[in-house]
Amino acid sequence: MSDVHVHLVEGALVDEMPAWEHASGNGALFVFEGVVRPIEGEQEIMALDYEIYEPMTTRQLALLGEDVLAKHGLMGLFVEHSFGEVPVGGCSFRLRIASKHRKEGVAGLDEFIDRMKRDVPIWKKPVYADD
Amino acid sequence: MNMTVKLFGNEAKVAGQRELTIEVDEHSLTASQLLRRLAEEYPVLEDHLEGCRVAVDHDFVEAEYHIEAGSEVALIGAVSGG
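Sequence order for the protein chains is A and B.
Going by the working numbering, the first sequence opens with residue 7, and the numbers climb by one from there.
Going by the working numbering, the second sequence opens with residue 2, and the numbers climb by one from there.
These aren't lab readings, by the way, just hints derived from the structure by calculation.
This one's a predicted model, so the numbers in the text were calculated from it and none came from an experiment.
Check the hints yourself; a few may be wrong.
Computed, partial: chain A to chain B, Cβ under 8 Å [as the list claims (entries may be wrong)]: (1) 31; (2) 36; (3) 41; (4) 57; (5) 62; (6) 119; (7) 125; (8) 126.
Negatives, chain B to chain A, calculated, CB over 10 Å [stated by the list, open to error]: (9) 25; (10) 27; (11) 37; (12) 42; (13) 51; (14) 59.
Where is the CB? At the ideal position from N, CA and C, for every residue including glycine.
Modelling step: build the complete structure from the supplied sequences, incorporating the hints.
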């Protein structure tokens, strides 16, 4: 079984995280959550609407996860991302990384997010109050 | 033969469509040839194509990759996940 999990979820991610075999038992566990801010490009928004391109979005997230896992020697990686509308304050992205030690976990988390923002087919569109 | 190219994000907004079609005489054309053809036949997109990548069957391809008939082709511009 792969140590990389990818879940795409319609709407905001719920607080309760999906079960994961690496949630315990490793030296370090990182949980990063991306939250929709009330301002986008200096304008107030109500929500962000996320567009994806399946199955390419899942495939590229999985490939990226596998690459980052191998490069940094991580124990596991679990990524969740929303599609559809996520209101301000909602969580649209969650990345969990399990590693033996802190250093590689921090590096892996940083690299995954940088590369996801550059390469993975996900597009956000602001939703305004008068839309 | 017609080749369909899927559009997303800003490119779909600029083109006003989610799919474009180009007629292809050759058995295949390269990704860079595809971008040139899109610029010629859809001038509204021309200024946006420089930063775009071509995806074939859900993977990014290089400029000289030969796109075969029947492949699923997408134009991927600037993304904004996370």
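Checked hints:
Because the closest C-beta pair between residue 31 of chain A and chain B is about 27 Å apart, greater than 8 Å, the hint is violated. For residue 36 of chain A, the interface hint is violated, the least distance from its beta-carbon to any beta-carbon of chain B being 15 Å, above 8 Å. Evaluation of the residue 41 of chain A hint against chain B yields a violated restraint, the C-beta minimum of about 11 Å exceeding 8 Å. Contact between residue 57 of chain A and chain B, as hinted, is supported at the beta carbon level, the nearest pair being about 6 Å apart and thus within 8 Å.
With 8 Å as the threshold, the beta carbon of residue 62 of chain A comes within range of chain B, its nearest partner Cβ sitting at about 4 Å, so the hint holds. At its closest, the beta carbon of residue 119 of chain A sits 6 Å from a beta carbon of chain B; the interface hint therefore holds under the 8 Å criterion. At its closest, the beta carbon of residue 125 of chain A sits 7 Å from a beta carbon of chain B; the interface hint therefore holds under the 8 Å criterion. With 8 Å as the threshold, the beta carbon of residue 126 of chain A comes within range of chain B, its nearest partner Cβ sitting at about 5 Å, so the hint holds.
Non-interface call for residue 25 of chain B relative to chain A: holds, since the shortest CB-CB distance, roughly 22 Å, exceeds 10 Å. Listed as outside the interface, residue 27 of chain B is consistent with that label: its C-beta sits roughly 25 Å from the nearest C-beta of chain A, beyond the 10 Å cut-off. At roughly 22 Å, the least C-beta separation between residue 37 of chain B and chain A is larger than 10 Å, which holds for a residue marked as non-interface. Separation of residue 42 of chain B from chain A is adequate, the least Cβ-Cβ distance of about 22 Å exceeding the 10 Å criterion.
Against the 10 Å criterion, residue 51 of chain B stays outside the reach of chain A, whose nearest CB is about 16 Å from its own CB. At the 10 Å boundary, the C-beta of residue 59 of chain B falls inside the reach of chain A, the nearest C-beta of that chain being 4 Å off.
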